[in-house]
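J.: One letter stands for each residue in the lines below.
Protein chains: 4
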Amino acid sequence: MEEDPAGTVKTKAENERNERRTSTNHDEEQMTSPQVLSYLCRHLYNLGWMPGSGGAISMREGDTLYVTPSGVQKERVKASDVFELCADGSVLSGPSNLRPSQCLPLFQLIYEVHGPGTIIHSHSIAVVMATILYPGRWLRLSHLHMIKGVPRQSTGGRRRWDEELCIPVIENEAEDKDMAGSLRVALSAQPDCPAVLIRRHGAYIWGQSWDKAKTTAESIDYLCDVAVRMKQSGLNIELPPSGEKGFE
Amino acid sequence: MEEDPAGTVKTKAENERNERRTSTNHDEEQMTSPQVLSYLCRHLYNLGWMPGSGGAISMREGDTLYVTPSGVQKERVKASDVFELCADGSVLSGPSNLRPSQCLPLFQLIYEVHGPGTIIHSHSIAVVMATILYPGRWLRLSHLHMIKGVPRQSTGGRRRWDEELCIPVIENEAEDKDMAGSLRVALSAQPDCPAVLIRRHGAYIWGQSWDKAKTTAESIDYLCDVAVRMKQSGLNIELPPSGEKGFE
Amino acid sequence: MEEDPAGTVKTKAENERNERRTSTNHDEEQMTSPQVLSYLCRHLYNLGWMPGSGGAISMREGDTLYVTPSGVQKERVKASDVFELCADGSVLSGPSNLRPSQCLPLFQLIYEVHGPGTIIHSHSIAVVMATILYPGRWLRLSHLHMIKGVPRQSTGGRRRWDEELCIPVIENEAEDKDMAGSLRVALSAQPDCPAVLIRRHGAYIWGQSWDKAKTTAESIDYLCDVAVRMKQSGLNIELPPSGEKGFE
Amino acid sequence: MEEDPAGTVKTKAENERNERRTSTNHDEEQMTSPQVLSYLCRHLYNLGWMPGSGGAISMREGDTLYVTPSGVQKERVKASDVFELCADGSVLSGPSNLRPSQCLPLFQLIYEVHGPGTIIHSHSIAVVMATILYPGRWLRLSHLHMIKGVPRQSTGGRRRWDEELCIPVIENEAEDKDMAGSLRVALSAQPDCPAVLIRRHGAYIWGQSWDKAKTTAESIDYLCDVAVRMKQSGLNIELPPSGEKGFE
Chain W
1 MEEDPAGTVK
11 TKAENERNER
21 RTSTNHDEEQ
31 MTSPQVLSYL
41 CRHLYNLGWM
51 PGSGGAISMR
61 EGDTLYVTPS
71 GVQKERVKAS
81 DVFELCADGS
91 VLSGPSNLRP
101 SQCLPLFQLI
111 YEVHGPGTII
121 HSHSIAVVMA
131 TILYPGRWLR
141 LSHLHMIKGV
151 PRQSTGGRRR
161 WDEELCIPVI
171 ENEAEDKDMA
181 GSLRVALSAQ
191 PDCPAVLIRR
201 HGAYIWGQSW
211 DKAKTTAESI
221 DYLCDVAVRM
231 KQSGLNIELP
241 PSGEKGFE
Chain P
1 MEEDPAGTVK
11 TKAENERNER
21 RTSTNHDEEQ
31 MTSPQVLSYL
41 CRHLYNLGWM
51 PGSGGAISMR
61 EGDTLYVTPS
71 GVQKERVKAS
81 DVFELCADGS
91 VLSGPSNLRP
101 SQCLPLFQLI
111 YEVHGPGTII
121 HSHSIAVVMA
131 TILYPGRWLR
141 LSHLHMIKGV
151 PRQSTGGRRR
161 WDEELCIPVI
171 ENEAEDKDMA
181 GSLRVALSAQ
191 PDCPAVLIRR
201 HGAYIWGQSW
211 DKAKTTAESI
221 DYLCDVAVRM
231 KQSGLNIELP
241 PSGEKGFE
Chain U
1 MEEDPAGTVK
11 TKAENERNER
21 RTSTNHDEEQ
31 MTSPQVLSYL
41 CRHLYNLGWM
51 PGSGGAISMR
61 EGDTLYVTPS
71 GVQKERVKAS
81 DVFELCADGS
91 VLSGPSNLRP
101 SQCLPLFQLI
111 YEVHGPGTII
121 HSHSIAVVMA
131 TILYPGRWLR
141 LSHLHMIKGV
151 PRQSTGGRRR
161 WDEELCIPVI
171 ENEAEDKDMA
181 GSLRVALSAQ
191 PDCPAVLIRR
201 HGAYIWGQSW
211 DKAKTTAESI
221 DYLCDVAVRM
231 KQSGLNIELP
241 PSGEKGFE
Chain G
1 MEEDPAGTVK
11 TKAENERNER
21 RTSTNHDEEQ
31 MTSPQVLSYL
41 CRHLYNLGWM
51 PGSGGAISMR
61 EGDTLYVTPS
71 GVQKERVKAS
81 DVFELCADGS
91 VLSGPSNLRP
101 SQCLPLFQLI
111 YEVHGPGTII
121 HSHSIAVVMA
131 TILYPGRWLR
141 LSHLHMIKGV
151 PRQSTGGRRR
161 WDEELCIPVI
171 ENEAEDKDMA
181 GSLRVALSAQ
191 PDCPAVLIRR
201 HGAYIWGQSW
211 DKAKTTAESI
221 DYLCDVAVRM
231 KQSGLNIELP
241 PSGEKGFE
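Residue numbers (the UniProt record's numbering), protein chains in the order written: chain W, 1 to 248; chain P, 1 to 248; chain U, 1 to 248; chain G, 1 to 248.
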């Protein structure tokens, strides 16, 4: 281990990268955005949300976007594989042999409308099955405690467990960019929900920080999983509970 | 690695922390309570019991309570993130930017009534599905060997595999503290069961030591999982077996 | 790293322990039997076969038995937690605060009848559900490639994928030792099958070496899983395939 | 750590092994083919595709084949356990106490017809259940986004998400080599699909590089999983969607 030689001058870019750090409430060890994306890719792959080379994640810091690469094994994405882009999508840096995720136009749209810090695009089977078993414009859930894990987008405030959470569902298109129109409609139809499902495809879920995006995404995934299991058991999450009578 | 300088005087607080250790039957390497809570958070997250920022764990040593923080990714809780509190809930130490779990009033109530050393609050999907598919005041299980993994609370003694284990189920409320009344009724209605389920929410499960709380919780979770799979297969765990005829 | 001082004399016991090693076909790094049991406990816990403190494993070398301890978290069993016993069950060494698994009498019986080197006692949910959904004296499987992974006990030879594998099922009893009689009958009724299922409880599965016991156990577990999924889909593994018509 | 003595001459074999490296798009740290097979075995075991000692993987570099050994725990296959063979199947090197996978003749056939770089033989339960629940000559899938993860074999180009992907299914036979005839027919019947399913057995899935083979295999596995869950929910992936009406 060599000492840093005295008089070393860090470049402006290096200093900016050092300052450009994510904040998590409970973690003094801080990661840069590319490091967070690498960590999340591996974590979400292990949750089953990024099989094949599917799924993508993006973070925004000021006018700079970070996006995972397209077409690669997500559990092996390193910080140096992450693209750094201007808000308009032009590439500042990234591996020369790869391209940024094709989700980029949808990430940009969600940033434009809602301005989150981190957006997760999941291919989870629980989400896909929920969009197949609940075929309408909304997945309507209520009376599940985990609803409290999905913040109100307008205020960041908490929901009641027994209120109706309406998650918009858009139909899939040939290319991700072709969904920009329907995504914009869905975002404005339900401005308080930090998630949109894509039928037979997956979900976009976001939050102000990477840890909020991740915990919100885990909550949505859990709710979809319960919705699917209820349908498979002859029940329907969209109907109010009946006949449940425990201690109260 | 520096030698401890001769004459070093440990503070009273340091000595107490060193003495304040959990005992596990089979582990000479000992962890402090905050270390155990950090270990358990990561372990139970990996079992799927703490998705989003859900779930919580508490330990009690004498008059001191330890509680996990609210609203954070549970698999990343470090020992230094754990709150240390008086029995009345006033905070002795903990991270300044976080709050103790909102489960605290229910943890305190269970300590008051049953005095366990460790309490696990799980959001496991198996538990939630069991409360949805079995809608009454009790989940009644019998004729499953794993029932022997749920100790009798009064004596710590073992159950028979073919006796009926009645786990109380309380209805969910807007806030955890609002369930104090129904939880108290459920605890006194079934004083021998170290677990209470909360409909469409999760479970509280406890034991005298952290390893007993964990193995009891895994047994309850397993039993709920079997109960759900039986319902999904057209069977009902609450009915006695019929037509089973193996070697005997 | 200190050199071993010249002239050191190893005790007979140490030499025996060094020689007493398991052989695996494909692994030059060798483990002692207690190390294998520790490794397998952690591995099988992660497969979901040893939740709570359930399940047990035993190995035999000549007249010496090794057995995992009772009532502890199996994923944390260390080599030093493993009991060493005479063939008659008297303890040679082991942790003073623990007891050998209550499965010991059944392990001894299986050693007596079939003489395997390693026996796994699993609490897998797939196995338990198979015994609930197929209520008779046998689980009869055929036309599954994985049947080839279950050796013929008499010869060690391979089965055909389309022959019928009959796994005996015994009814559960209050204590493991109470099943000795029915286990003996089942073993003699089906001497060629290296596994017995226990209704609503789990399975005993064995092999000549620890790796054969483990791969056989994984094959049995997989077959039970397919049998359960077929029943849940309205099919029955005990009936021959009909209407299947692929390329041939 | 010793310095490499000056003047050391590497043998031709060592140089060739150093040059014989796989290329992955996004990974500067490079592995040799045997190292890749070891890595993949452990990874795919953890996905549940290689239980027991089932499954196999092969890579081809020029005229040299690499094949995993038969009958061993796949999660413990080391690079030195991998066989190196001539294209005709004669062994160049490999562990003396093991044999190459019995899949070798089918690997050779797929190399001959389609020339991929890596072939994965999976025993995944999702694949097996798909072949049981969809009993015909083809598993026909459409309207699932993950179809885009299965390249067109002829061109390497991408599929539309709403086109029909027809995966051939062959009937299982007593020995892998007995399926050579039906596999050849299936390969020519559907030359554009880089996968063949074997009823009640598993799948062969391939790609030009190991990462493409793996991501294609994960995509196929995911599609089979969705197909099975739909059947279990009373739906049929082979019928077009009806009544789905989200935002568009």
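Check each hint, because a few of them may be wrong.
As the list makes no split between identical chains, a pair holds if one copy fits it or if it spans any two.
[Unchecked claim] Think about it this way: if two alpha-carbon atoms lie no more than 30 Å apart in a straight line, the pair counts; the simulated DSS-like pairs of lysine-lysine are:
1. K231 <-> K78
2. K177 <-> K245
3. K177 <-> K78
4. K245 <-> K231
5. K78 <-> K245
Keep in mind the hints are simulated off the structure, nothing from the lab.
J.: Hint by hint, say whether it matches the structure.
T.: Comparing the hints with the structure gives:
1. K231 <-> K78: neither (39 Å within a copy, 38 Å between copies)
2. K177 <-> K245: Between copies only: 20 Å across chains, 48 Å inside a chain, cut-off 30 Å.
3. K177 <-> K78: This pair counts as within: shortest intra-copy Cα distance 26 Å, inter-copy 41 Å.
4. K245 <-> K231: Both: 21 Å inside a chain and 18 Å across chains, each within 30 Å.
5. K78 <-> K245: neither (51 Å within a copy, 39 Å between copies)
Against the hints set out earlier in the document, violations occur for numbers 1 and 5.
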